[in-house]
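Participant: Here is how the chains run, residue by residue.
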Amino acid sequence: MPDEQTYRIADALITTELVSELYHVAPASLQIFRIPDLHVVKVSFPRPVVQGSLRDRDMHAGQHHVPLANVVVPSAWRTAP
Amino acid sequence: MPDRSRPPDSVGILVPTGMLGAGFSPETITRGLSLGADVIAVDGGSTDSGPYYLGTGTAKTTKGAVRRDLRLLLVAASSARIPLVVGSCGTSGTDSGVNWVADMVNAICAEDGLDLTIAKIFSEQHVDQLIAQLERGRIHALPPSEPLDAATLRGCAHIVAMMGHEPIEQALREGADVVLAGRATDTAVSAAFALMRGMPPGPAWHAAKIIECGGQCTTNPASGGVFARIDHRGFTVEPLDPDAACTPTSVAAHMLYETVNPYTMREPGGTITVADARYTAIDERTVRVEGSRFEPAVQYTVKLEGAAVTGYETVSFTGIRDPQILRSIDEWAEFFDKTLTERVESVLELAVGSWGADLRLYGYNAILGELEQAPATPAEVGVMLLVSAQDQQTATAISKLANPLLLHLPLPTMNYLPSLAFATSPAHIDRGAAYEFVLNHVVDVDSPTEMFRLELTARKGPSHA
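From first to last, the protein sequence lines are chains A and B.
For what it's worth, my numbering labels the leading residue of the first sequence as 1, then goes sequentially.
For what it's worth, my numbering labels the leading residue of the second sequence as 1, then goes sequentially.
Next up, chain A with everything else stripped away, as it sits in the complex (with noise of 0.2 Å):
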């Protein structure tokens, strides 16, 4: 996130629920590494389908962060959480 603001706004979003939920994925299988240093929120989890494999319709996984990317924020949390 570009500051120390907007990262805690992230910081508190970013669930295991929200993100097992954007992406249909097991609470059990997601890490998420919060680094403030960073103002960075890291989420990691195995790929759904098999690079390649006929389902794949995104072989780099490029556009996979939209979901997320367009989860709004509340409006009450915008001048603080």
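Among the clues, some could well be false.
Derived contacts from chain A toward chain B, CB cut-off under 7 Å, selection only [unchecked claim]:
| hint | residue |
| --- | --- |
| 1 | T6 |
| 2 | A10 |
| 3 | V41 |
| 4 | K42 |
| 5 | S44 |
| 6 | Q51 |
| 7 | L54 |
| 8 | R55 |
| 9 | D58 |
| 10 | A61 |
| 11 | P67 |
| 12 | L68 |
Hints listed in this document are in silico derivations from the structure and should not be mistaken for laboratory results.
Just so it is clear, CB atoms sit at the ideal spot from N, CA and C, and this is done for glycine as well.
Here the structure of chain A is known, so what remains is to put chain B in place on it, guided by the hints.
Facilitator: Quick look at chain B alone, frame taken from chain A:
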């Protein structure tokens, strides 16, 4: 041979680009040499782009681009009398990939009169030897994969083992000026020389991870190359492009890239740990890193990569602009799947399971599929049909049965046949064999070099070791 018993104070590593063949300006090489590069290291391959390259043993990069980059690097290495290391040659690091790069190197050396000793390190594996290892209980699955069986090994078109730094170091010690390695870990390519010179493993491996993608660790990822200086307490990194910068954030952030866990990364010989690393700006474009650690593993393990044919494919494409169909596009797609399945069963007598089809609606929900929460009614859709079967003939036959559906399939409620927009004639293209990565396993080894084969050409003169 010169006395190398005292390690130098530091080692300079020039990485010109994140991928051999991606290109870089000659000025960046001049700059890197002027900073006192002791080695040029560059990655020649990746699994990023999928299993096809390993499956076929062919390169993703085009020959002209690779040759152009190689020529600049070989001339620079020769004039500065420093070694050049290329890892994962030919994209997948197969034996054919190593030979492909070696042929270019030999031709350039002959054309430009460069007298260099070339080392080739082969990493392809024989199935029978791996099955023997499997039977001895020496092969283990990495999560989330299942234990390996012999049938999976036999089904692979090619299998490579991923070397650490030791085979590369061995080649350098035996006098190589140019090391062309098969499949290697991204980090081993630049860590090898530093470790050979006695630099501590924590900084050497961490620096190697940061610089392996070239400009990715800078504020301008398109800028190309980077230069790292590794010493006995840490390392310093800067971009080769004078207009780009490394910042503590850009450098630290690279550990987020292509790894599950940003704090630890397993190499064949142990684990890089950066949880306690400290990143400091030396100036507005140079970063100092200290506190990196490398923890040796009890058991040295070598990772295998293998690609197997999963079927033969045909791709077809049509376009839909008709608003009536587009308002009920999900219904149209469902009707398509049902109708095609019935046609294939009736005409080709093939049951579902022996073939597959994926209907993708670009402009609607092709990329995200069921993750697309509320796709809007599109103004236009590109329909891609991907068919997979056990042989090419069948995939093509199924696609030919699909052709009139892609051209004329109506909504169930329509009382006329629409005509949709084929982009080409014919509307299908045969893709040939499709591959998947089928190995995610490691082999316990007694020696870091036992799975790799070194070939050195003869040369006169002192070595770099």
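Participant: For every hint, state whether the structure bears it out.
Facilitator: Comparing the hints with the structure gives:
Interface restraint check: A/T6 against chain B, minimum CB-CB distance 14 Å, threshold 7 Å, status violated. With its C-beta approaching chain B no nearer than about 14 Å, A/A10 sits outside the 7 Å limit, and its interface hint is violated. At a threshold of 7 Å, the smallest CB-CB gap from A/V41 to chain B is about 10 Å, leaving the interface hint violated. Satisfaction of the interface hint for A/K42 is found here, the shortest Cβ-Cβ separation to chain B being roughly 5 Å, below the 7 Å cut-off.
At about 5 Å, the closest approach between the beta carbon of A/S44 and any beta carbon in chain B falls short of 7 Å, and the interface hint on this residue holds. A cut of 7 Å between beta carbons decides the hint on A/Q51: the least distance to chain B is about 6 Å, and the hint holds. With 7 Å as the threshold, the beta carbon of A/L54 comes within range of chain B, its nearest partner Cβ sitting at about 5 Å, so the hint holds. Of the supplied interface hints, the one on A/R55 holds, with its beta-carbon coming within about 5 Å of a beta-carbon of chain B, less than 7 Å.
Evaluation of the A/D58 hint against chain B yields a held restraint, the C-beta minimum of about 6 Å falling below 7 Å. The interface hint given for A/A61 is violated, since its Cβ lies 10 Å from the closest Cβ of chain B, which is over the 7 Å cut-off. Taken as an interface hint, A/P67 checks out: its beta carbon lies about 6 Å from the nearest beta carbon of chain B, inside 7 Å. With a cut of 7 Å, the hint placing A/L68 at the interface with chain B is violated, because the nearest CB-to-CB distance is about 10 Å.
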